[in-house]
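Q: Whenever a hint applies, use it, and build me the whole structure from the sequences.
Just so you know, the sequences run in chain order A and B.
At position 72 of the first sequence (counting the first as 1) the number is 72 in the numbering used here, and the numbers step up by one without a gap.
For the numbering used here, add 108 to where a residue sits in the second sequence, where the first one is 1.
Among the hints, erroneous ones may be present.
If you want a taste of the chain B side facing chain A, the calculated C-beta under 7 Å gives, among others [as the list claims (entries may be wrong)]: (1) Gln114; (2) Phe144; (3) Met151; (4) Leu152; (5) Pro169; (6) Ser235; (7) Gly236; (8) Arg237; (9) Gly238; (10) Asp246; (11) Phe249; (12) Gly320; (13) Glu321; (14) Tyr367.
Quick caveat, the hints were computed from the structure, so don't treat them as lab data.
Beta carbons: idealized from backbone N, C-alpha and C, even for Gly.
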Amino acid sequence: MASDKVKTVTDADFGESVKKGLVLVDFWAEWCAPCRRIAPVVDQLAEQYDGRLTVAKMNVDENPATPPSYMIRGIPTLLLFKDGDLKETVVGLTDRDDLARLIDRHLS
Amino acid sequence: MSTDRQVIIIGSGPAGLTAALYAARANLSPLVIEGFEAGGQLMLTTMVENWPGFRDGIMGPDLMAELRAQASRFGAEIVQGDVTSVDLSKRPFTVNVGGKAFTAQALIIATGASAKWLELGVDKKLSGRGVSTCATCDGFFFKGRPVAVVGGGDTALEEAIYLSKLATHVTVIHRRDTLRASKVMQDKAMATPNISFVWNTEVVDIKDPDKGEVTSLVLRNNLTGETSELAVDGVFIAIGHTPNTSLVKGQVVLEDNGYIRTEKGSRTSVPGVFAAGDVQDHVYRQAVTAAGSGCMAAIDAERFLAGTGH
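A: Below, the structure written as structure tokens:
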């Protein structure tokens with residue numbers, strides 16, 4: 001069960017969603033096995049950083065415009081934005097601690 | 109959950125889960141630490157047509173879900189998490205998962221193998237940007253585009269056949285002039301109109317890291333030395349696997365090729381530590397042989413524990 005602290009973003013509201021603060025976006029699809037494995041990690045990050053980090057998910061099947069604009073050619077891909085600027089790109093399965101370190105670096 | 113166990117199994121592919129099933133049925137209440145790539149390589153495949161008992165085949169992830177449920181049904185405890193280190197210098201053995209420590213009288217290593225990269229450097233840099241080791245994960249992004257597959261084994265052809273349904277064209281690049289793949293897979297690939305083969309050829313460079321995407325491959329014919337360029341938007345690497353031994357390196361004896369050495373069944377060089385599946389098998393590497401060796405490891409562990417009074 002996905003955390004209710006994770007919001008769903010679409011092509012329509014993507015730009016608006018990443019404009020303010022620190023935002024982590026998880027690009028995923030139903031058919032992607034590694035995406036299912038990283039999903040609980042993303043949920044845990046949303047709980048852990050509640051109030052300091054916005055965590056969002058985008059389904060690449062339903063949103064054809066956004067993934068190509070960030071040249072995403074593989075999922076899971078996590079993008080970290082700070083006030084609208086892309087700061088980090090993480091491709092593939094990644095350890096929760098490594099992701100936390102990455103987020104911490106941009107929180108200060 | 110008790111952290112002091114009779115048997116801990118590291119890994120949850122066919123080897124790990126079959127070991128769990130047998131150990132659970134032998135009343136050893138095993139703990140399985142799934143690992144980051146839970147379910148193993150079969151989670152990244154589509155139809156498995158050579159698992160005995162399924163005449164129409166079974167999807168890899170479905171097979172793993174069944175195996176997992178079957179092991180749980182008999183009392184195997186399965187936890188998420190990646191083992192960070194193990195201490196095999198004394199019994200009970202210590203298994204660290206993040207900040208948590210578990211101990212076990214017997215240990216079964218079933219950490220499997222991971223896809224090999226080309227060792228060009230640039231291929232890792234462009235990972236997720238057009239370079240992939242998993243067609244079922246990333247093929248979606250190459251709908252209506254040309255792609256290449258590097259390799260000549262069953263995995264390479266399986267990837268090529270899967271991609272042929274999405275991509276405009278699939279070029280299979282192989283460094284020899286014959287395929288290692290099974291006859292069935294070869295026939296299937298050869299009969300697919302938008303799959304073609306480039307023989308005796310290696311990938312020497314991938315362009316264009318400056319653009320952050322794949323635009324072409326630089327190829328070298330290893331008979332003539334001639335180089336050429338192939339324009340593709342994606343390249344899928346299927347040149348084999350390396351065993352996941354970093355946890356136990358220096359603590360158990362490895363073969364010269366890096367796989368864990370097993371003797372008399374599944375025994376490693378450390379009494380009480382057993383190994384199963386692809387981490388110790390560079391010859392067969394099948395789901396069913398991995399499962400078989402997982403069964404052997406559980407039986408070996410059970411006998412070892414009986415012999416030591418546990």
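Q: Now, for every hint given, state plainly whether the structure supports it.
A: Evaluated hints:
1. Gln114: 28 Å, violated
2. Phe144: 6 Å, holds
3. Met151: Where the cut-off is 7 Å and the nearest Cβ of chain A is about 4 Å from methionine 151/B, the hint holds.
4. Leu152: With a minimum Cβ separation of about 6 Å from chain A (threshold 7 Å), the hint on leucine 152/B holds.
5. Pro169: 6 Å, holds
6. Ser235: For serine 235/B, the interface hint holds, since the closest Cβ of chain A sits about 6 Å away, which is under 7 Å.
7. Gly236: At about 3 Å, which falls below the 7 Å cut-off, the nearest Cβ of chain A leaves the hint on glycine 236/B intact, so it holds.
8. Arg237: 5 Å, holds
9. Gly238: Holds, because the Cβ-Cβ distance from glycine 238/B to chain A comes to roughly 5 Å (cut-off 7 Å).
10. Asp246: 4 Å, holds
11. Phe249: 4 Å, holds
12. Gly320: It holds, given that the least Cβ distance between glycine 320/B and chain A is near 6 Å, below 7 Å.
13. Glu321: Interface hint status for glutamate 321/B: holds (5 Å vs cutoff 7 Å).
14. Tyr367: Where the cut-off is 7 Å and the nearest Cβ of chain A is about 23 Å from tyrosine 367/B, the hint is violated.
Of the numbered hints given earlier, the model fails hints 1 and 14; all others are met.
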